[in-house]
Amino acid sequence: MFDIESLYQATGIQDAIRALQADERAMIISGGSDVLIQCREGRLAGCSLVSIHGIPELMGIEQAADGTVTIRAATSFSHIANHEIIRRTVPMLGDAVDQVGGPQIRNIGTIGGNVCNGVTSADSASSLWALNATLELHSASGVRQVPIRDFYTGAGKTVRRRDEVLVALHIQKKDYDGFGGCYLKYGKRNAMEIATLGCAAMVRLTEDRRHVADLRLAYGVAGPTPLRCVNTEDAARGMKTDEALLLHVAAGAVAEVNPRTSWRASKEFRLQLVSELAKRAVRQATLNAGGELDV
Amino acid sequence: MGVRESIKRVDAYDKVTGAAKYTADLLPTGALVAKVVRSKIANGRVLRFDLDAAKAVKGVMAIFTCFDVPDIEFATAGHPYVLEKEKGDVYDRKLLNERVRVYGDDIAVVVAVDEVAAARAARLVKAEYEEYAPILSVADALLPDATPLHPSVRPTNLLTHSSYRVGQGTYEEAKTSEPDLVEFEAEYSTQAVQHCHLEPPQSYAYMEGDRITVVSSTQIPHIVRRVCGQALGLPWAKIRIIKPYIGGGFGNKQDVLYEPLNAFLTWKLGGKLVKLEITREETMACTRVRHAIHAKVKALARKDGTLIARKIEAYSDQGGYASHGHSICANTVTLFKQIYHDHLVTEGDGYTVYTNHATGGAMRGYGIPQADFFVESMLEDFARKLGVDPMAMRLANCLPVGYVDPGTGISAYSNGMRECVAKGRALFDWDEKRKRYENQTGDTRRGVGMALFNYKTGVYPISLETANCRMFMNEDGSVSLQMGATEIGQGADTVFTQMAAESVGVSEANVHIVSTQDTDVAPFDLGAYASRQTYVSGMAVKRAGELLRDKVLDFAAFRLKKPAAELDIRADHVVRKSNGNPYVSLADLAVDAQYNRERAERFFAEASIDCHENTISTGVTFAEVEVDIPLGKVTILNILNVHDSGVLINPKLAEGQVHGGMSMGIGYALFEELLYDEKGRPLNDNLLDYKLPTAMDQPDLHAAFVELEDPTGPYGNKALGEPPAISPAPAIRNAVLQATGVAVDSLPLSPQKLVEYFVKAGLIKEVAQHV
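First to last, the protein sequences are chains A and B.
Going by this note's numbering, the first residue of the first sequence is number 1, and it counts up by one from there.
Going by this note's numbering, the first residue of the second sequence is number 1, and it counts up by one from there.
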C-alpha cells in the first residue's frame, strides 16, 4: 500500500500541465519506478501525483526527413532498446538503456524519467550527453528546447520546473552519422544494478579509417552530474587510432572527471574505472566505426 | 517408490501455480496493522516519547512504547529449552527496549487501521534519547572503558569465551618438538551478510477465548510457542502457533523474531486481529545476520606439509543481542580442530562479543562458512609458503576415517572426504587446469582453487535432539502423515513422504502429508535447523511407519488367518512375504478394519525419537575463475561441489539443495556485505545496494555425490541442508590466488578490494592522480 494523497491521470500534455498548475504540491509520475520507491520509503509519503503514463503523444520514436531522431519522453527502455530506428542510428543508446535494472524495470521505466530524475548514474544520461541530445520541455508559458549540457544543475537537480513536462528528446543527424559508439556500464552485478561508473564513447574516423575525425567521451557517476571530457575530445581529433590514443583518453579523462569517495566506491577506485573504461569504450567505438586499432 | 528416487516434490504443482498458501495469503480481512518504531541511534537509552502527533493521525488505534511492555527479558534463539537456565540461551531483551543496542532497535509500536496510517504515525513518534558512543568493533567493545551493553547479564561486552586444547602439550611447546619445523601465521576475516529469504518475516495474531493464536512464517513453530509464552509471562499452552508454507528462512526464522510482539498486541487489544509484517529494509537491518568473525591463526608443519600443531583465536561480532550467541563462534573454532589433524596439538579460543551492529543469529552453516574460509585460506597459503601441492597437503592431513571429536564424541561414522576429492578431481579436470594456469601474464588471468569442509548433522550432544511423527491409515488405504518438522522450501515434505512410503510399503501417491504445523495438533519437533530433519525427524518417520505396518499386518493376519510373520506390505498391498504375491489391497483391508463389527480398528502410530547420535558430512568445492585485473572483476567459469551426505533420499532434490547452497556461497565470496556508517546506521539495507547476486551473476552450478551409507542415518543419510554453502567462498578465493598470486585475507572479494590488492601487488600501475 503506497502513501499517495492524490493521483490524477492526465489525458494529454496540456491536461498534465493544467493539473500540475492546479495543485502546487503535485508532481509527475510516469513509469513510477523511481517515484513509487520514494513513496514507499516515506520520502514522498503523502504526495500528490499527476500521471502521464499511457499518454499516446508522449510515446514513440520517429525519424524526421532531416535525419533527426525523436524519442518521446514516456517511451519505455525496452521499446527503445530494440527499436529499428535506434538500432540503425544510435545503437549505443539502445545498448545503454538495455542495461537499466532488470526486464520488469525496463518495461515500465521511461527515458524521460531517467533524465528528469537528474541523477548522475542514469544509464541513458552519458550516452545522451555524448549524442548532444536536446530536451523539449512544455509548460503553460510555451515550449523550450534545452541542450542536455544545460539541463543538469546538480546532483538530482535539473532546470525542469515542477509544472513543466519533458515531452521529447531529439538527436540530430550530425551527432550520430558516421560515428561508432560504445556504452560500458560498470556495476558490481550484471543485472539489477546502479552504475558505479558509466562511460559512453563515440568515434568518427577520417576517410583512411586510421585517424580520429571526431571523438566524444561522456561519463556518469564521475561527478555530481553526467559530464563530457571536452579537452580530451579536442586533443584526440586527428590522432592515429592506436595504443597512444587509448592512453591519451585514459589519462585525459582522469584529469577531467571529478568523482568522490562514498561508501559505494572510493575516488581512487572510480578513477581506475574511469581510466580503464575510457580505453575499452574508445577501442570498441573505434571498431564499431569500422576502424582498426594498432595495438 | 520410496527413498533413493527423484520423485517430483509433493508441493511442486501448488507452489508453481500459486495455489500454495503462505501467511499473507491466509490473512483474514479486517486486520489491524502494526508498525514497529525504530531507534535512530545505535547505542543509548530512550528517555521519553512525544506521541501527540502520532496519535493524531487518522486511523491510529494504539501506540505501545518500551515503557508499556512486561518487565520480562527473554531469549530468542531457536534452540531447545534448557532446564538449567544458566546453561541455556541468554535472556537479554524485552518486547520493546528502552536500552537501545542496535540502530533501528524496537522501541515502540503503532497499531492502525491500515499500513499508511501506521507508517505515518510511526514516522511521527518522537523519541528523546540519552546517547552513548556507538561500539562498532569487537576491539572497541572489549576496551576496559567500553559501555557494557547488557550489565544485567554480563559485566563487560564479552558474551562468552570458550577454549580447547586437544593432543599433547601446547602449541608453544610444539615449536621446539622437532627441528626444521616451519611456522605460518595469518589473520583472516569474514563479513556480516543477511539471509535474504524471499518472504520477509510476517505474522498475524488473534485470540479465541483466553488463548492467543499467531500465524507466522517460521522454521520453528514449537519453539516460537514457548518463547511467546515466556515473553508474555503466560503458560506456554495459552499460545498456539500455526506455520503455513514459508518463503525461505535460512536460519533467520530459526529465531523468534516478532511473534511475541504480535501476540502481545492482540492480547492488549482484546483479541483483535493484528498483522505485523517486517519490510525488507527492517529485515536486513533489524532481524539477524551471519556473524562477522575475525580469526588469528598459527600453524606448524614439517617441510613436507605434515601438520604438527595449529592454533586459532576467533572473535565473533555478536551485535546488540545474544540470540544464538556463542554457539556460532564455538562451532567456528570446532571446525578448525576437526577438518585437519595435527600430529601434536590443536588449540582454539573463541570470543563472542556484544557490539552495536545488527544481531548475529543462525544462518545456513552456523559458523562453519567463516571457519572454512579461515582454515582453507590458511591451508592454501601455508602450502604455498612450504612449496608443497595444496591438494596433497590437504589429503595428507584431513579428517581421518573413523574420526571421533574428543570434546563431544561426535563421530564421522562414514567419511567420504577423500572419495569426494578423487571424484571431483577427475570431473573437474583439476590436474590439467592447475598446470595450464601456472605462470600467467596479462590483464586477464585464470586460476583454479579448492576447499574441503566437514559438517555435523544434528545438534546432539550439545543440545537436545527429539522428533515426533504421527501416521494413520485412511479407509482407502492411504496414509496421513503429520510431522512437527517443517517444510521451509528445502523439500522436507517430499522426503518425509518418501520415507513414509518406504517404511509402510505404500506408494507416494498414497501418503498425504500435512504441511502446516499447528502446535495444538502437530506432533512436537524442534523444527528446521542444523541439517537435522532428514536425519532426526527421519528416524521418527521410519519408526512410526514400522509401527503402523505392524498394526496393519496384525489385522491382516487376523483376517487372512495367516501368521503375521508370513506377510508383508508392498506397493499398497498386503502380500505373501516369500514371493510377493498380493493377498489384499490396503484399500480393501483398511475399510474392512475401520468398519469391522468383530474387530474395528483405525490403524494409528506415533513415534517419539530421543536421538543420541550425530554424524559428520563432508565434501569439497572446486572453482575455476577468470580475473579481469584492471576492473577487479572475478568471473566464475566453472564450479563443482562434491558431497558425502550418505544415501540420497531424493537425488534431484539433493542436487537442488546443493545448487542453492553454492549460489549462497558465491554471494558470500564475491558480492555480499552489510555496511554501516560511523553511527552504526546501516548503509545498504536494501536489495539494490546489498549485492545479492542475480541470475545473471551465477554460473552453471555442478553437483556430484559419493553415496557412502551412514550406519546411523535412518536410511543411511546424513547432513546436506547447510553443507553446500560452506566451501565455495574459500575455493573461489584460492582460485583467485592461483590466477593472480594475490592472497586475499577477507571476504568478500569485491572489485574495489581486489583493485587495491592488485595495485599493491604491482598488477595495476597506479592511475595518474587527479589534480
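These are computed hints drawn from the structure, not numbers from a lab.
Owing to the predicted nature of the structure, the values given are computational and were not obtained by experimental measurement.
Here a beta-carbon is modelled for each residue, glycine too, at the ideal position from N, C-alpha and C.
Some clues are possibly wrong.
[Unchecked claim] Only some residues are given here: those of chain B computed to face chain A with a beta carbon under 7 Å:
(1) V116
(2) R123
(3) L124
(4) K272
(5) D628
(6) L631
(7) T635
(8) L683
(9) M696
(10) D697
(11) P699
(12) Q752
(13) V755
[Unchecked claim] What the simulated footprint calls covered on chain B by chain A, stretch by stretch (three residues with Cβ under 8 Å from a Cβ of chain A suffice, anywhere in the stretch; the number is not a length):
(14) 49-55
(15) 666-679
Taking the hints in turn, this is what the structure says about them:
Hint status for V116 (chain B): holds, given a least beta-carbon distance of 5 Å to chain A, under 7 Å. A cut of 7 Å between beta carbons decides the hint on R123 (chain B): the least distance to chain A is about 6 Å, and the hint holds. Of the supplied interface hints, the one on L124 (chain B) is violated, with its beta-carbon coming no nearer than about 11 Å to a beta-carbon of chain A, more than 7 Å. With a least beta-carbon distance of about 19 Å to chain A, the hint placing K272 (chain B) at the interface is violated under the 7 Å criterion.
For D628 (chain B), the interface hint is violated, the least distance from its beta-carbon to any beta-carbon of chain A being 9 Å, above 7 Å. Because the closest C-beta pair between L631 (chain B) and chain A is about 6 Å apart, less than 7 Å, the hint holds. At a threshold of 7 Å, the smallest CB-CB gap from T635 (chain B) to chain A is about 10 Å, leaving the interface hint violated. Interface hint at L683 (chain B): satisfied, since its Cβ lies 5 Å from the closest Cβ of chain A, which is below the 7 Å cut-off.
Proximity of M696 (chain B) to chain A holds as hinted, the smallest CB-CB distance being about 4 Å (cut-off 7 Å). Of the supplied interface hints, the one on D697 (chain B) holds, with its beta-carbon coming within about 5 Å of a beta-carbon of chain A, less than 7 Å. Interface hint status for P699 (chain B): violated, as the beta-carbon distance to the closest one in chain A is roughly 11 Å, over 7 Å. With a least beta-carbon distance of about 4 Å to chain A, the hint placing Q752 (chain B) at the interface is held under the 7 Å criterion.
A cut of 7 Å between beta carbons decides the hint on V755 (chain B): the least distance to chain A is about 6 Å, and the hint holds. A stretch counts as covered by a chain when three or more of its residues have a beta carbon under 8 Å from one of that chain; for the segment 49-55 of chain B and chain A the count is 0, and the coverage is violated. Only when three residues or more bring their CB closer than 8 Å to a CB of chain A does the claim for the segment 666-679 of chain B stand; here the count is 3, and the claim holds.
Checked against the numbered hints given earlier, the structure breaks hints 3, 4, 5, 7, 11, 14 and satisfies all the rest.
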